[in-house]
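Please take these sequences and the hints and turn them into a complete structure.
Those sequence lines, one after another, are chains A and B.
Residues in the first sequence are numbered consecutively from 0, following numbering that gives the first Met the number 0.
Residues in the second sequence are numbered consecutively from 0, following numbering that gives the first Met the number 0.
Check before you lean on any hint, since a few could be wrong.
[Unchecked claim] Restricting the straight-line Cα-Cα distance to at most 25 Å, the calculated cross-link-like pairs of lysine to any residue (SDA-like) are: (1) K154(A) to V169(B); (2) K154(A) to D50(B); (3) K114(A) to R411(B); (4) K37(B) to G532(B); (5) K25(A) to S100(A); (6) K420(B) to A431(B); (7) K25(A) to I82(A); (8) K294(B) to P447(B); (9) K114(A) to P360(B); (10) K434(B) to T449(B); (11) K154(A) to P344(B); (12) K171(B) to Q171(A); (13) K434(B) to R174(A); (14) K114(A) to A415(B); (15) K154(A) to T173(B); (16) K294(B) to A153(A); (17) K114(A) to T449(B); (18) K530(B) to V546(B); (19) K216(B) to P396(B); (20) K171(B) to A153(A).
Everything labelled a hint here was simulated from the structure, so no lab data went into it.
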Amino acid sequence: MDTSAETASRTLTLEAFADTFVPGEKRSPDDVAIAGAAPGPGAVMAGAIELLEMPATGVASGLDDIVSTLNDHASDYAAEHDITLDAAVPPFVALDYEHRSALMRILTAPDHPEKEFWVLTALFCFMAFDTAAHMNTVRAMENGHPGLTTMGFAKPDPDGLWRFPDFSYGRQLARAHPATTPNGDPA
Amino acid sequence: MTNARPTHTSAEQTDIVVIGSGFGGAITAYHLAAGGAKVVVLERGPWVPSDEFDHGFELGTSSTRIFDFVAGDGMSVLGGNCVGGGSVVYFATMPRAPGFVFERQGSIGRRMWPSVINRDTLDPWYDRVTEALPISHQTWEQVPYPGGLWAAACNHAGRTANLPNVAIDVSKCTNCNWMMAGCRFDAKRSLLLNYLPAAVSHGAEIRPLHEVQKISKADGLYRVHYNVIDDEDYRETTGGGAIDAKIVIVAAGTAATPVILQRSEADLGKMPHGVGRYFSGNGERLNTAIIDEEKAREVLGLSRPDGRAYAANQIGRGPTVVSWDHLDGSLPEFSRFALEQLYFPPGLGTILAQAPGVEGPGWFGPEKKEMLRHWQSWLTIFILSEDNNEGVFGPPPPTGNSVRISQQMLGRGALAYEPTKETLHGWELADAEIKDILERDGLARVRPWTNDLVGAYTVHPLSSCRIGDDPATSALDHRHELRGHPGIFVTDGSAVPGALTVNPALTIAALAERAVPGIVRAAQERGIPVKYGAPAPDGATSAARAVMPLLPALVAR
Numbered sequence: 000m001d002t003s004a005e006t007a008s009r010t011l012t013l014e015a016f017a018d019t020f021v022p023g024e025k026r027s028p029d030d031v032a033i034a035g036a037a038p039g040p041g042a043v044m045a046g047a048i049e050l051l052e053m054p055a056t057g058v059a060s061g062l063d064d065i066v067s068t069l070n071d072h073a074s075d076y077a078a079e080h081d082i083t084l085d086a087a088v089p090p091f092v093a094l095d096y097e098h099r100s101a102l103m104r105i106l107t108a109p110d111h112p113e114k115e116f117w118v119l120t121a122l123f124c125f126m127a128f129d130t131a132a133h134m135n136t137v138r139a140m141e142n143g144h145p146g147l148t149t150m151g152f153a154k155p156d157p158d159g160l161w162r163f164p165d166f167s168y169g170r171q172l173a174r175a176h177p178a179t180t181p182n183g184d185p186a
Numbered sequence: 000m001t002n003a004r005p006t007h008t009s010a011e012q013t014d015i016v017v018i019g020s021g022f023g024g025a026i027t028a029y030h031l032a033a034g035g036a037k038v039v040v041l042e043r044g045p046w047v048p049s050d051e052f053d054h055g056f057e058l059g060t061s062s063t064r065i066f067d068f069v070a071g072d073g074m075s076v077l078g079g080n081c082v083g084g085g086s087v088v089y090f091a092t093m094p095r096a097p098g099f100v101f102e103r104q105g106s107i108g109r110r111m112w113p114s115v116i117n118r119d120t121l122d123p124w125y126d127r128v129t130e131a132l133p134i135s136h137q138t139w140e141q142v143p144y145p146g147g148l149w150a151a152a153c154n155h156a157g158r159t160a161n162l163p164n165v166a167i168d169v170s171k172c173t174n175c176n177w178m179m180a181g182c183r184f185d186a187k188r189s190l191l192l193n194y195l196p197a198a199v200s201h202g203a204e205i206r207p208l209h210e211v212q213k214i215s216k217a218d219g220l221y222r223v224h225y226n227v228i229d230d231e232d233y234r235e236t237t238g239g240g241a242i243d244a245k246i247v248i249v250a251a252g253t254a255a256t257p258v259i260l261q262r263s264e265a266d267l268g269k270m271p272h273g274v275g276r277y278f279s280g281n282g283e284r285l286n287t288a289i290i291d292e293e294k295a296r297e298v299l300g301l302s303r304p305d306g307r308a309y310a311a312n313q314i315g316r317g318p319t320v321v322s323w324d325h326l327d328g329s330l331p332e333f334s335r336f337a338l339e340q341l342y343f344p345p346g347l348g349t350i351l352a353q354a355p356g357v358e359g360p361g362w363f364g365p366e367k368k369e370m371l372r373h374w375q376s377w378l379t380i381f382i383l384s385e386d387n388n389e390g391v392f393g394p395p396p397p398t399g400n401s402v403r404i405s406q407q408m409l410g411r412g413a414l415a416y417e418p419t420k421e422t423l424h425g426w427e428l429a430d431a432e433i434k435d436i437l438e439r440d441g442l443a444r445v446r447p448w449t450n451d452l453v454g455a456y457t458v459h460p461l462s463s464c465r466i467g468d469d470p471a472t473s474a475l476d477h478r479h480e481l482r483g484h485p486g487i488f489v490t491d492g493s494a495v496p497g498a499l500t501v502n503p504a505l506t507i508a509a510l511a512e513r514a515v516p517g518i519v520r521a522a523q524e525r526g527i528p529v530k531y532g533a534p535a536p537d538g539a540t541s542a543a544r545a546v547m548p549l550l551p552a553l554v555a556r
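If you want it as structure tokens, here you go:
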């Protein structure tokens, strides 16, 4: 493969990986990386690849290994399950969502020797979706970040700080434990 | 200092070095500096002022600068990494430990706590911290929606629910729930607002980004070796040095103190058996409930001014309401627990949550994504139970207490933890109780967080270098002095003998207050001109006066 093909293959594989954890809808009918397993944008659209590529995460320098190892596992998985893979795309991308998901369950199971490696990488895919950790949070809210928007994360005040003046039901909703001390502690 | 031997190159000298600036370090540093000793505090994290406490998740903002997540084998530990330590990132919930906790035996066949410490004898020291921070009561009018919902659900199920005391000035609080990134509004009474500035005003010197690696000996003194850490990329070291002192106080945090002591063993000699053993995660575990908004209205009669019943996961200030129905000393050990409503920010607070009703792991996939769509209707319930002190630290990493993976926050440590059947039993009872309360009448669907990914997890690590009467199972005597190494004291969460069934910060702080008179005596014996008797950092004296009659018993070995 030439360099641009390698880059494309690497990106497709990482996108398919991220999409397995927080799945989203396809960007176009011929989207092969995103499996389309859930409505609305998922980890890829939320910026998972951008976050994984940031040196601050500590995983960026290992992404080539992640891609090649994942594709090796996918080839083995396909062979074991009698699945014929489309050779035009990387092996993990060639798996459908059900099989991508099943493979990730195997690789992140407590007894798998590579578990930590896969969990760590998955963690950043989640963080791209539910924290937009690759960008300023106020800007993410302004731009309608897909993950924070999906979660209904509240908007900040104009100064970029969050305040909730409406915060309490304002009434007693339970009685205290009878053994509470006068000071308010457990006895 | 002049010394011909190459291994004893000259080092800076002070009376007392304090390692760490959380509760155990700040409290001791304040009293010793106020009493006249020359004190240097070495803190591995940055010194972040209030206006740099960000509202944001971006890598490199205060949420990653001041917070550490150290993954181990079966247990991951979350903690502070900044001047002020855990007090800067914590939720400031400050209950006293129930009386039965001090009688716990765990699995060692005898009382874990020193015989001289029980709730009654610790109360005067709790009072000192209460006055110093200060700690205050909450009212129902101040309880944010998630706490109110938990209270209403407990009440509906025939349970009680309490408002624990807090170290928060609620009049300044905006209920923004960014507490884990530091309090921008100075509502949270962290150590940056009391003990630490008071220590500095008495001449204590605090050095941020100084990560202590080990302690050795030099001409009758202890020599504390440190690396200077880059202020942005904590994986990088920019320098290093050493300071000699007559007394060393190790308060680097439960996940770091034993590592420093283990690494010092080659220089200082054999460490007590309890160093790096008996770690407790405070029996912690989380469940996430997805509240049915209509049921919250129908079953609990709840509604907000805008018409919604709840949808307020993001609103509040961490935990505000707790069920103490199972803090009953007549129940057998390993079946007692508190159930506390909690907020956990997205990121670490979302990946481990599992979609209810999914067969097998429910932490990823379409159902988990659907669960995230209802994030504002989540209610997180925090179990604080009695674990069995299962944690053991393996050989130390090359530096610090972990091999840092990310620039900030994420690292891999040497702690191993395999829960025993006793711990698992407590979790099972607590999970069932949460389910019973919250799934009643269709109010919610609940599932515990998975332990398959990063093992169990704790925000309240304890006991890795604990006090006790039995040298075989405790690293410290009741005065917090390291057995076999006179002049080294440990005063952080690692000194607490076991799980407390409640949030531990107040107990850690009270023990540090209690340890000070003994440290003062040890300092005096080494010729340091220091006295005990400072008031609270703001000058209040009533709790200080109350402990004075207790001092003779405290300094006795």
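Evaluation of the provided hints:
no.: 1; hint: K154(A) to V169(B); in the structure: holds (22 Å)
no.: 2; hint: K154(A) to D50(B); in the structure: holds (20 Å)
no.: 3; hint: K114(A) to R411(B); in the structure: holds (13 Å)
no.: 4; hint: K37(B) to G532(B); in the structure: holds (16 Å)
no.: 5; hint: K25(A) to S100(A); in the structure: holds (17 Å)
no.: 6; hint: K420(B) to A431(B); in the structure: holds (16 Å)
no.: 7; hint: K25(A) to I82(A); in the structure: holds (23 Å)
no.: 8; hint: K294(B) to P447(B); in the structure: holds (21 Å)
no.: 9; hint: K114(A) to P360(B); in the structure: holds (14 Å)
no.: 10; hint: K434(B) to T449(B); in the structure: holds (16 Å)
no.: 11; hint: K154(A) to P344(B); in the structure: holds (15 Å)
no.: 12; hint: K171(B) to Q171(A); in the structure: holds (22 Å)
no.: 13; hint: K434(B) to R174(A); in the structure: holds (20 Å)
no.: 14; hint: K114(A) to A415(B); in the structure: holds (16 Å)
no.: 15; hint: K154(A) to T173(B); in the structure: holds (14 Å)
no.: 16; hint: K294(B) to A153(A); in the structure: holds (23 Å)
no.: 17; hint: K114(A) to T449(B); in the structure: holds (14 Å)
no.: 18; hint: K530(B) to V546(B); in the structure: holds (14 Å)
no.: 19; hint: K216(B) to P396(B); in the structure: holds (22 Å)
no.: 20; hint: K171(B) to A153(A); in the structure: holds (20 Å)
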